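Numbers 1 to 351, taken from UniProt numbering, label the letters of the sequence shown in order.
To be clear, the hints were calculated from the coordinates, so they are not data collected in a lab.
From a predicted model like this one, the values you see are computed outputs, not experimental measurements.
Hints are supplied without guarantee of correctness; some may be wrong.
What the hints assert, rightly or not - Taking lysine-lysine pairs in the DSS-like style, the calculated list, with each CA pair at most 25 Å apart, reads:
1) K86 - K153
2) K153 - K65
3) K179 - K86
4) K291 - K86
5) K153 - K64
6) K65 - K291
7) K291 - K64
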Amino acid sequence: QSCPRPAGPGAGQEPVRSGGLPEGVEYIPTRKKGKNPMKPVGVAWYSLYARTRLGYLFYQRQVKKARERYPHGHSVPQPYCFPGVKILPIPVLSNNYSYLVIDTGSNQAAVIDPSDPLAVQAAIEEEGVMLEAIFCTHKHWDHSGGNEALCQKHSSCRVYGSALDAIPRLTNPLADREKVTVGCLTFEALATPGHTVGHMVYVLDGGPFGSPPCLFSGDLLFLAGCGRPFEGSPETMLASLDVAVSLGEDTLLWPGHEYALECLTFASLLELDNSALEQKLQWAVQQRQEKRSTCPSTLGEEQTYNPFLRTHRPELQEALGLWQAGGEDPDAFRARVLKEVRRRKDLYQAT
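Between the sequences and the hints, there should be enough to build the whole structure, so can you do that?
So this is what it looks like as structure tokens:
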């Protein structure tokens, strides 16, 4: 089966107007107002969602409505292959992605963040693979809600994640930098607190397959965006983002959500003269008009247009009206920049 890589921004496309979408293109949001459980979000609501059964009931309602609205998923899945490995994004809920990662030699597989167990099980059956592992980035139901049902279906399946998060059916707590092997696939867990205290990302070693590393980032990092620091400070979130960036520019980014249009549009309001950003927005508009996913990007790309990874850039600092104080630690200043970008993004989402 052919597994092409999604095409990146191409030449000869109509430029995007500074601060907006291309001429004649209507913005089609991926999230309806009021449908995102975290928008707007307060401390009380977040506690209910993350720590009580009400959160699980809300998640069940989300799943039911998404299955009715998107019977075939919110996006067209585009498998990505290298010799010996296949990565299949599974569009779930209204904008989430789960990922089925297959060792094609042994037909052993792992799934990252199984939000909807029916959608994940359908992919497992269609691919004819054995589910050996579930890797959960964090406890939120839209990333962990399918753990229970899949474990009942696949009795030998192990559930991996941080012991610091209340991950359903967790069998194998992982420490930072711990590695797990599934068939010929090797995943490394990296602690990236901030969104939740126990948030982890998983890095697939692409070396044996002649591919770049693959970062499954959950809610740490999106295309042109990042997750809200519900359980961490700006300093904590900055350190976690730096962990991701340290993986190298060729690393493929597989995020937990399809937020590209929203994030790129917001970013374009901050940096009006960023040509890489304008080109990526043009490309993303075309992708989403055809319901194609926008992943993966690369970490090298992200550093050219993702404001949450550009806290060190003078042009972004100037756009925000922020300057480093005399004697201020560089990372403390970057955390201040990150906090301001996050504040503006939250205001943008709420409008």
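So, going through the hints one by one against the coordinates:
no., hint, verdict
1, K86 - K153, "22 Å, holds"
2, K153 - K65, "23 Å, holds"
3, K179 - K86, "19 Å, holds"
4, K291 - K86, "21 Å, holds"
5, K153 - K64, "20 Å, holds"
6, K65 - K291, "19 Å, holds"
7, K291 - K64, "21 Å, holds"
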